[in-house]
Amino acid sequence: MGLLDHLARRTEPARAESTAAPADAVFTTKALRKFLACLTSRDSPTLLDLGPVVGSNVTFFGEQLGCKIFVEDIFADLDRHAREGKLDALPSFFGTRFPQEAGTVDGILCWDLVDYLDWKSAVALAAELTRLLRPDGALLGFFGTAQRGVDREYTKFIVVDDANLRYRAYPAARGRQKVLLNRDIIRLFSGLQVSDSFLLLNNLREILFRKPAA
Amino acid sequence: MWPKRDEGRPPVGQPPTAPPPVPAAAPPQAGGYRPETTRTMEKDLVNIGKSVVIKGELAGSEDLTIEGQVEGTIQLRDHVLTIGPNGKIKAQVFAKSVIVLGEVNGNVTATDKVDIRDNGSVDGDIVAPRVAIAEGAHFRGSVDMQRRNVAQPAAAAAKPAAPGAPSQPQAQTPPAAAPQRVGA
Chain A
7 MGLLDHLARR TEPARAESTA APADAVFTTK ALRKFLACLT SRDSPTLLDL GPVVGSNVTF
67 FGEQLGCKIF VEDIFADLDR HAREGKLDAL PSFFGTRFPQ EAGTVDGILC WDLVDYLDWK
127 SAVALAAELT RLLRPDGALL GFFGTAQRGV DREYTKFIVV DDANLRYRAY PAARGRQKVL
187 LNRDIIRLFS GLQVSDSFLL LNNLREILFR KPAA
Chain B
14 MWPKRDEGRP PVGQPPTAPP PVPAAAPPQA GGYRPETTRT MEKDLVNIGK SVVIKGELAG
74 SEDLTIEGQV EGTIQLRDHV LTIGPNGKIK AQVFAKSVIV LGEVNGNVTA TDKVDIRDNG
134 SVDGDIVAPR VAIAEGAHFR GSVDMQRRNV AQPAAAAAKP AAPGAPSQPQ AQTPPAAAPQ
194 RVGA
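Protein chains in written order, with the numbering used here: chain A, 7 to 220; chain B, 14 to 197.
Extracted from the complex, chain A is given alone in its bound form (with noise of 0.2 Å):
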C-alpha cells in the first residue's frame, strides 16, 4: 500500500506535464544582435514591425533602446486577403499600405513573412519596404529552407534577448508558399544589401540586410 502510494505520487507531476500546453520552444538567434547595433547607433530611431504586436517587443525595443516603433500587422492583413479569397489583390495592397514617408525607418522586422507570399507579392512588399528605408538602415528577414507540408500557422517572435527569440505558434489561414533561394531573395530585395547571413539548427535563414548609404 505504502509502495503503491509512493509511486502514485511520483507518476502525478508526469501526467500533469504531458496535459499542460506545450512551452514556446527558445531558439538562437545571431542576426538580432547585429541588427539591434544598427539601431542603437543611431539617435531615437524608428522601427518597423511587420508582425503582430507583443507586448514585451514593444518593452524591449521602446523602454530599453528608445525605439520609436510601428506596430503594422501584415500577417493579420494576409489573413483577411486570404479569408475573402482576394489574395490577387495584395501587390497593389502593399503600394498603399504603409503610411510611413520615403526614408524614415531606421530598421523593419521583416519576420517570416516573405515565406508566406507569393512572388508577385513578395516582389511589391519588398519594393515598400527598401523605399521606407533610410540610407544605412537595416532589415532583419527569415526564411524557411524546407517545405512543412501544410502548416497552417504564423509564429510570432518574442524577443527574450540580443541572443535569443521565443517562437510562439498561432493558427493561420494561409501556409508557406514556395521556399526562396538564396538568390531569389537577393533579387527580391535587390535596392539592398546583404550585410549579415545565417543558417540557424532549427533550419532558417537569418539574414540581415542594410541600404547602401546615399
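I should point out that these hints are in silico values taken from the structure, not numbers from a laboratory. Each residue gets a CB set at the ideal place from its N, CA and C atoms; glycine is no exception. Keep in mind that the hints are not guaranteed to be accurate.
[Claimed, not checked] Pulled from the structure, derived: some chain B residues nowhere near chain A, Cβ distances all over 12 Å:
#1 Leu71
#2 Gln88
#3 Asp91
#4 Pro98
#5 Gln105
#6 Gly119
#7 Gly149
[To be verified] From the structure, some residues in chain B lie toward chain A, with a derived Cβ separation under 10 Å:
#8 Val59
#9 Val144
#10 Asp157
[What the hints assert, rightly or not] When the alpha-carbon atoms are kept at most 30 Å apart in a straight line, the in silico DSSO-like pairs for lysine-lysine are as follows:
#11 B/Lys126 - B/Lys109
#12 A/Lys162 - B/Lys101
#13 B/Lys68 - A/Lys162
#14 A/Lys184 - A/Lys162
#15 B/Lys126 - B/Lys101
#16 B/Lys68 - B/Lys126
Position chain B relative to chain A; hints supplied.
Leaving out everything else, chain B in the frame of chain A:
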C-alpha cells in the same frame, strides 16, 4: 484552595493580547449605514455608464472610468483614465495613466503609463514613458516611449562572437554571382 485564575489578565512577562480585530468593511446594514471607508472609495470613482454618449471635450481632475462612448478629446492630466470593456472612444486622450479594456480610436498620450489589457484595442499612436500590451490585445499605430539618456545594452553586445565560442553553424550568404541553395 487555589486562587481563582484571572482569565482576562495576561500571564506575567507576556505582553497584553491585542484586542480582537475589527473587520475593515462591514456589510451594509438594514438602516443604510455604510462604513466611512466605503463611502470614501465610492466618492473617488467616477463612471460614465454604458448608455452615455459624449461628443466634445471631456476634462476632469479625478480618476474616471468610461463604459460609454466618447468622441472628441479627453483630458485627465493628473489622473487615471480607464476605458472599460464596453467603452468606445474616438478621441485624442491625454491622461496621467490610461488603462484600456475596451476600444480606443485615436492617439493616446500619458505622462506615466498606457496599459492595453487583454481584449483591449487601440488604433492610434501612443506616447508614454511606459507601455504594457497584453497578449490578446489589439494595437495598430506607433509607440513612442520618449526614452531619455538610457544606456544602450546592445551596442556592446554587437561585437561578433568569439571565434572559439560554441555556436550554431553559420553560413554566409554567397555573393549574388555564385548563388547556392541552402537546405531544402
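Okay, the hints, checked on the actual structure:
no.: 1; hint: Leu71; verdict: holds (27 Å)
no.: 2; hint: Gln88; verdict: holds (24 Å)
no.: 3; hint: Asp91; verdict: holds (23 Å)
no.: 4; hint: Pro98; verdict: holds (19 Å)
no.: 5; hint: Gln105; verdict: holds (18 Å)
no.: 6; hint: Gly119; verdict: holds (15 Å)
no.: 7; hint: Gly149; verdict: violated (10 Å)
no.: 8; hint: Val59; verdict: violated (28 Å)
no.: 9; hint: Val144; verdict: holds (6 Å)
no.: 10; hint: Asp157; verdict: holds (5 Å)
no.: 11; hint: B/Lys126 - B/Lys109; verdict: holds (7 Å)
no.: 12; hint: A/Lys162 - B/Lys101; verdict: holds (28 Å)
no.: 13; hint: B/Lys68 - A/Lys162; verdict: violated (38 Å)
no.: 14; hint: A/Lys184 - A/Lys162; verdict: holds (20 Å)
no.: 15; hint: B/Lys126 - B/Lys101; verdict: holds (20 Å)
no.: 16; hint: B/Lys68 - B/Lys126; verdict: holds (25 Å)
Of the numbered hints given earlier, the model fails hints 7, 8 and 13; all others are met.
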